[in-house]
Amino acid sequence: MIDNHILAPVFIHLFSAVIQLIAWRKTITQRIVSIAGSSLGVLLAIRLLSRVHTDGILTLNAANWEAPFGIVFVADLLSATLVLLTSIAGLAVSFFSSTGLNRQRMLYGYFPIFHFLLMGLNGAFLTGDIFNLYVWFEVIIISSFVLMTLGGRKTQLEGAVKYMAMNILASTFFLTGIGILYGITGSLNMADLSLKIQQVQNQSLVGITACFFILGFGIKSAVFPLYYWLPSSYHTPPSAVAATFGGLLTKVGIYAMIRVFSLIFIPDEFTRNLLMTIAVLTIVIGSFGAVIKTNIRRLFSYLIVCHIGFMVGGIAMFTKVALMGTVFYLFHDIMVKTNMFLIAGLIRQLRGTMDMTKLGGLYAHYPKISLLFALVLFSLVGIPPLSGFWPKIYLFKAAFTLQQFAFVGALILGSLVTLYVIAKLWAEVFWKDSPSDVIVEDKFEPLPLFRKILLVLPICILCSVTLFIGLNAETIVQLVDKISDQLLDSTMYIEAVLGKQN
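Each residue of the sequence shown is one higher than the one before, counting from 42 in this note's numbering.
These are calculated hints, taken from the structure and not from any lab test.
The beta carbon of each residue, even a glycine, is placed where N, CA and C say it ideally should be.
There are no misleading hints in this set.
Listed next, with one range per pair, are the computed distances between beta-carbon atoms:
1. Y461 <-> K523: 31 to 39 Å
2. Y149 <-> C252: 37 to 45 Å
3. E107 <-> Q145: 44 to 52 Å
4. T335 <-> Q145: 22 to 30 Å
5. L498 <-> Y149: 23 to 31 Å
6. M533 <-> H46: 14 to 22 Å
7. G224 <-> I183: 23 to 31 Å
Please build the complete structure, drawing on both the sequences and the hints.
Here it is as structure tokens:
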């Protein structure tokens, strides 16, 4: 069904960014516009998901050029849900940024660039054209690079160089794969590619092309062995920026992998084995990296790597149960990882450091806030019945069914390591007595009550969504069940884009 409102979640952030550029020196105006635009973005995303749930897959042909000749935008259950989760995460970060960032960084253009980033994320989820997906990826990369370097500290610039170098390499692989794909099929429309790729006689070339996409999306998702840019860069920018990166950027790579390998390159035995090997090694490396870190954000960065392996393993198995676990975990991970970095930022605001060896006594001084943090930490670990528990059931079930015992072992290792490092974090940061000789990283003052409320509010928003996902697991399971059906049977997607005559 054609719907002209598909791009509303994209345009709202474009308009917000333009207004903020006009109000370049007026930081109060920028904060108000950011929160208002993000709030409206959530409402538009809810409307979009409701329409998709009611009317089925929605499409929009740009400039009225019929597919496959023009750029098409497609909203199915997966993309519409990710747009909603992105909008919620964006709203939380907008609240946090309004008081968690200093005015100097706002004057560098933080808010308009942040909304350009959200625009790029929503565009990537909604596009039905493989080259247009590349364009949105570039919007994301450019915006995220600017946000990472905002303030110009030495550590930020060092992290940004690694981040940009690896993402340029990923874009090169991605663009090369697109070029070969266009050369052998003559199309860039993903629905059209789904049909034409089956008619290519040289399937070896198709397999090589698929490897280019694995490399491109794998680097963006931070999988083994090209993962090191993430823990080297995500701890350097402000916490509001790191929250957006940790919760959303690597998940775009996972989404792109799900979309391309369910629609264009249906995984064969070689692809499945390759992805499974990558998944297992990614979990192991992420686990080992997290164990030895004492900086909270570095620890969280390695947990991102570890848990990316969970989702890649689900894609590798490519059964309905495995995809249900992958999609469910994707939803959970966006909310929890965004919240974890906001929590790290609040700890930094309260105590002036994120070094666990210099922290302690948070529970004694802030018991209510600490209990809120505990809910998020328990969700990350996967304590039943919270959101991290349910997708693992499906991943374990799929792995045992297919006798992927290496992946089972990796899942157990990753889960135990997550439990261990979160327990260590709780003991070091919240439970032990506050060190008397704390040397903070930067000069800071105790937070006024109003600022503290504004910093805690976005954490509460994301925690509420996480609790909803965990405590209403039956509803989420019904959603991911429908999504996995659409991924495994692309007929509905193709008919929505090209028409039933195709």
